[in-house]
Amino acid sequence: MYPTDYRYTKQHEWVKVEGTVGTVGITHYAQQELGDVVFVEMPKTGTKVKAGSSFGTVESVKAVSEIYSPVSGEVMETNPLLVDAPEKINSDPHVTAWLVRVKLDDPKEVSALMDGTAYEAYVANAAKDH
Amino acid sequence: MSTLLNPKPAEPEAAAHHVGKVRSHPSQNEGLVFEHSIPGKRGMELPPLDVPAVDPVAALGAEFTRASVEGFPEVSEIEVIRHFTRLSTWNYAIDLGMYPLGSCTMKYNPRVNEFVARLEGLATEHPSQPVELSQGCLRILYDLQKCLLSITGMDAVTLQPAAGAQGELTGLLMIRAYLESQGNPRRKVLIPDSAHGTNPASVVIAGYEVQNIKSNSRGQLDTDHLREFVTDDVAALMITNPSTIGIFEERIAEIAEILHERGALLYMDGANMNALAGVTRPGDFGVDVMHLNLHKTFSTPHGGGGPGAGPVMIKKILEPFLPTPVVVQKADGTYALDSNRPQSVGRVRAFAGNFGVLLRALAYTLAYGPGIRQATEDAVLNANYIRKNLEKYFDLPYDLPSMHEVVFSDARQKAKGVNTMDIAKRLIDYGFHPYTTAFPLIVPGAMMIEPTESESREECDLFIDAMRSIAAEVDSNPEIVKAAPHSTRVGRLDETAAARKPVLRWKPA
Amino acid sequence: MRYLPKSPSERNEMLAAIGARSIDELFKSIPETFRLREPLDLPGPLSESEIIEYFRARSGENARGFTSFLGAGVYSHLRSVVSDAIIQRGEFLTSYTPYQAEFAQGTLTAIFEFQTLMCQITGQEVANASMYDGSTALTEAILMAERLTDRDYVLVARSVHPEYRQVLHTYAKNLGLKIEEIGFTESGQIDRAALTPEKLSRAAAIVVQSPNFFGVLEEVPPLAEAAHAHGSLLVTTVTEAVSLGIVRPPVEADIVAMEGQAFGIPPSYGGPYVGVIATREKFVRQMPGRLAGETKDAEGNRGFVLTLATREQHIRREKATSNICTNEALYALAATIHLCLIGKEGIREQALQNLAKARFALAELEKIPGVRCAFSGRTFNEFTLEFPRSVKLINFELQKEKIIGPYSLGLHYPELTKNAVVCVTETTSRAEIERFAAAVRKILEKPV
Numbered sequence: 001m002y003p004t005d006y007r008y009t010k011q012h013e014w015v016k017v018e019g020t021v022g023t024v025g026i027t028h029y030a031q032q033e034l035g036d037v038v039f040v041e042m043p044k045t046g047t048k049v050k051a052g053s054s055f056g057t058v059e060s061v062k063a064v065s066e067i068y069s070p071v072s073g074e075v076m077e078t079n080p081l082l083v084d085a086p087e088k089i090n091s092d093p094h095v096t097a098w099l100v101r102v103k104l105d106d107p108k109e110v111s112a113l114m115d116g117t118a119y120e121a122y123v124a125n126a127a128k129d130h
Numbered sequence: 001m002s003t004l005l006n007p008k009p010a011e012p013e014a015a016a017h018h019v020g021k022v023r024s025h026p027s028q029n030e031g032l033v034f035e036h037s038i039p040g041k042r043g044m045e046l047p048p049l050d051v052p053a054v055d056p057v058a059a060l061g062a063e064f065t066r067a068s069v070e071g072f073p074e075v076s077e078i079e080v081i082r083h084f085t086r087l088s089t090w091n092y093a094i095d096l097g098m099y100p101l102g103s104c105t106m107k108y109n110p111r112v113n114e115f116v117a118r119l120e121g122l123a124t125e126h127p128s129q130p131v132e133l134s135q136g137c138l139r140i141l142y143d144l145q146k147c148l149l150s151i152t153g154m155d156a157v158t159l160q161p162a163a164g165a166q167g168e169l170t171g172l173l174m175i176r177a178y179l180e181s182q183g184n185p186r187r188k189v190l191i192p193d194s195a196h197g198t199n200p201a202s203v204v205i206a207g208y209e210v211q212n213i214k215s216n217s218r219g220q221l222d223t224d225h226l227r228e229f230v231t232d233d234v235a236a237l238m239i240t241n242p243s244t245i246g247i248f249e250e251r252i253a254e255i256a257e258i259l260h261e262r263g264a265l266l267y268m269d270g271a272n273m274n275a276l277a278g279v280t281r282p283g284d285f286g287v288d289v290m291h292l293n294l295h296k297t298f299s300t301p302h303g304g305g306g307p308g309a310g311p312v313m314i315k316k317i318l319e320p321f322l323p324t325p326v327v328v329q330k331a332d333g334t335y336a337l338d339s340n341r342p343q344s345v346g347r348v349r350a351f352a353g354n355f356g357v358l359l360r361a362l363a364y365t366l367a368y369g370p371g372i373r374q375a376t377e378d379a380v381l382n383a384n385y386i387r388k389n390l391e392k393y394f395d396l397p398y399d400l401p402s403m404h405e406v407v408f409s410d411a412r413q414k415a416k417g418v419n420t421m422d423i424a425k426r427l428i429d430y431g432f433h434p435y436t437t438a439f440p441l442i443v444p445g446a447m448m449i450e451p452t453e454s455e456s457r458e459e460c461d462l463f464i465d466a467m468r469s470i471a472a473e474v475d476s477n478p479e480i481v482k483a484a485p486h487s488t489r490v491g492r493l494d495e496t497a498a499a500r501k502p503v504l505r506w507k508p509a
Numbered sequence: 001m002r003y004l005p006k007s008p009s010e011r012n013e014m015l016a017a018i019g020a021r022s023i024d025e026l027f028k029s030i031p032e033t034f035r036l037r038e039p040l041d042l043p044g045p046l047s048e049s050e051i052i053e054y055f056r057a058r059s060g061e062n063a064r065g066f067t068s069f070l071g072a073g074v075y076s077h078l079r080s081v082v083s084d085a086i087i088q089r090g091e092f093l094t095s096y097t098p099y100q101a102e103f104a105q106g107t108l109t110a111i112f113e114f115q116t117l118m119c120q121i122t123g124q125e126v127a128n129a130s131m132y133d134g135s136t137a138l139t140e141a142i143l144m145a146e147r148l149t150d151r152d153y154v155l156v157a158r159s160v161h162p163e164y165r166q167v168l169h170t171y172a173k174n175l176g177l178k179i180e181e182i183g184f185t186e187s188g189q190i191d192r193a194a195l196t197p198e199k200l201s202r203a204a205a206i207v208v209q210s211p212n213f214f215g216v217l218e219e220v221p222p223l224a225e226a227a228h229a230h231g232s233l234l235v236t237t238v239t240e241a242v243s244l245g246i247v248r249p250p251v252e253a254d255i256v257a258m259e260g261q262a263f264g265i266p267p268s269y270g271g272p273y274v275g276v277i278a279t280r281e282k283f284v285r286q287m288p289g290r291l292a293g294e295t296k297d298a299e300g301n302r303g304f305v306l307t308l309a310t311r312e313q314h315i316r317r318e319k320a321t322s323n324i325c326t327n328e329a330l331y332a333l334a335a336t337i338h339l340c341l342i343g344k345e346g347i348r349e350q351a352l353q354n355l356a357k358a359r360f361a362l363a364e365l366e367k368i369p370g371v372r373c374a375f376s377g378r379t380f381n382e383f384t385l386e387f388p389r390s391v392k393l394i395n396f397e398l399q400k401e402k403i404i405g406p407y408s409l410g411l412h413y414p415e416l417t418k419n420a421v422v423c424v425t426e427t428t429s430r431a432e433i434e435r436f437a438a439a440v441r442k443i444l445e446k447p448v
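In order, the protein sequence lines correspond to chains H, L and R. So for the first sequence, the working numbering puts the first residue at 1; every next one is plus one. So for the second sequence, the working numbering puts the first residue at 1; every next one is plus one. So for the third sequence, the working numbering puts the first residue at 1; every next one is plus one.
Treat the hints with care, as some may be off.
[Stated by the list, open to error] 25 Å max Cα-Cα, derived PhoX-like pairs, lysine-lysine:
hint : chain 1 : residue 1 : chain 2 : residue 2
1    : H       : Lys-62    : H       : Lys-108
2    : H       : Lys-50    : R       : Lys-367
3    : L       : Lys-392   : L       : Lys-482
4    : H       : Lys-88    : R       : Lys-296
5    : H       : Lys-128   : L       : Lys-388
6    : H       : Lys-128   : H       : Lys-48
7    : L       : Lys-416   : H       : Lys-62
8    : H       : Lys-16    : H       : Lys-62
9    : H       : Lys-62    : R       : Lys-319
10   : R       : Lys-319   : L       : Lys-188
11   : R       : Lys-319   : H       : Lys-10
12   : L       : Lys-188   : H       : Lys-128
13   : H       : Lys-10    : H       : Lys-48
14   : L       : Lys-388   : R       : Lys-6
15   : L       : Lys-388   : R       : Lys-28
16   : R       : Lys-319   : R       : Lys-367
These are computed hints drawn from the structure, not numbers from a lab.
Okay, chain H solo, but in the shape it has when bound (with noise of 0.2 Å):
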């Protein structure tokens, strides 16, 4: 369920690191606790972002999630098809409905994040709580 290349964060969100750049997202989990998507407020392409800093929120219906950003960098690139198609979060929330490409400042960050066993162990216990 969860790539074993990608890393996480306790907030739910994922980043795919090539090279210097990082692609973030947010996880299964996360949509499925949202819901339906309706709406995708994210920075404007150059806004500098920190780790674990809020850069975005995704919106349902009934509820708004802010998203935190897992590296610190500049945004490059925010994904044009959430604009007009926010619901490919809910239906492919790793892949196509990426949020932001971001030149990240330091790559070798994201190895304090989760790796995709720990965030599947993390996912598991945080559903028993519910």
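Start from chain H and add chains L and R according to the hints.
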């Protein structure tokens, strides 16, 4: 009494048919008024012009004129009456039965209030007309002020705010002004996690930071740990009392003391005043500022979402900061609008307030007089009667005495995959408007029920029957609850589509 | 008591069912010291006829029998009794906010129609379900412009209603919003020369009212152009909504904050009225207030729901676009009914009557020696006159003739103490206009 049938899924109507409150009946279809519109039809005529006509293009210039209002409806008077009458029959209303919405206080809207609000000489008055020609209006405002001060035990009042939320903001502005006059406006306002959403939203507009504080395991303010939170940069605590779970904060005097020790103030959201009027007074238990929702406790009509009024009552120390103008009585007994108040927070809206709403609230208060206590007692009686009769069927998250409202949770029904929203929707098939779901936030799966004093024992019993019947359905036939409502003109509507691709106006084809 | 459907015996039975010995037991969570032992000191209880007597007495202590020439944000217009007949139906009057859409399609459909009418009359793309009034709608529109541009400085015309500007100031004080007031020229319009590129490039918005407080129409297209050229927005407010029956709507404005009182809502000494914000579709997520949207149920039936609720306080809490919850729904309904009745032809005819009456009055008044039109700009149903004598004195004398005279500008515009704004609507008869002019002439003829 109703019979608790186990309805077959194929006949959802059968269940509702056997319960005492409703039976189905044809309801008229109706499109949008624009869909009836045809050029040449008119709904209202004007008396003929008794001065020479003026050509608008000549008078204003072509750049300032418009040919017509494109798309405006063209229908006859009968079509307007039919259109809106048909629409009205698709609504539920207090006039039809109990509206058990928690914290909304859906009580009877007395018709004499509507009558007096429309009197020639009251409905017709211009807010900027000379004060000496407005003595009747000003006296109404002044008399209402006196009544509200008596009921709340406070020292001064403003009637300007147009709703509870605006009252909250006005109260916070006065707190800020007061603290500023003391040398330091401070930075934060404490808000319990059980608070209504307008509370934190108002705090931000007043230029303060919100600090959320967790309720304790009893759903009440965590008084034991309050001192830690009341630092020198806390301006105030906003508390709802009774709380949003309908329970009185017994340690309120202590809470006030803790705040006052640190020079902070206690704001009370008066949304639940229906549990207190005539029985106790917030001014007595340490409240410094509070608002009332006249469209709740004071019976002014909800009208589908408004209008309201949110007067703010304060202790003397805050009086210099009241919004202007202030309604006063002069030494000669006449009434006036006093704008000469140098420390005022300013004006929060144009003109003196929602006068028509204020007038209705006064009419309500005059009808009861000191007997208002009986209304409060009946409200609390009804809520407890319902609680007693439903506590075997629904989970009570907090086993504390309820006042005018009771909060259950859907914990038991959740085990069958049925949640509070489903139960609420099924209640519609039984002829009742849903109770409040999804609030307060501290109760997951909340079912907040406030009958008010306007409900007869009969109506309470019908409600209890309906809720018991639904509880039984959850056990025997959960699908019928999960797919409810079945008897309305439209089923559950696609809110996701409405938010993804909003269509917010009619457009011609 | 007639509002309480309980007999004493029922109360006893219910207490027994609860297991309480007395009603006081149900209040035991209130500390003893705070429980009142005496009844409150309140007037009443009054029977229905006594209540009516009280308010009838009050109605006789106001301005009954007077003819008024006041506008200044509140307008006396014709309205049909049909509006009251409908809004007094219990299903509209006593129903709640339509959060449970299946049981409130009547309210939601009417809101959708209101939103549509507001778009049509203002020329904007979306409109909300109402704000408290024009003054708070304008303040909220300005805060919206601030959020959209990320700028905290606004240029507000002095010719915007003084009370609206006071409200803005009250809200702005604590939000770090800087307001600069821009004066007017001899046309009575905003001084465009003062809207320098330097100011505009820092401003969130230019804010004007049209027709403005002096009754003068502002030129919206060049103001919009000037604003947009510098990344700023144009916010306009309309206090006399009937003007839009013949006056070109502010299509180029980015946000319109309107007071809808003129659409068949009685003056009622200041409220309740109905504000509305209308704007471009692209700004909708920053717009405060409720919104009704069209959708379908599972069987394809059309229905309406409250939508885009994530903007609002009950979801967004401290990050909401506004703290507004209760709005003016019943009066939005009243305005909707009124506009359906008066219709496309009627709103134009009504506006033309206002224009004609006002021009007639202006002509009559200008004949009086010493009285002249203060501004050269185009006006609708309000115009500013300059008098040779104190307006206060003139109005004092007019009152003896049972006439409420024009709005004296001296209080809010210290440089205009001899000026007053006259308002004439379709409800003022020719005879009354002539009587007013004659009375003014007589007053001015008297030696000082």
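Contradicted hints - numbers only: 1, 2, 5, 6, 8, 12 and 16
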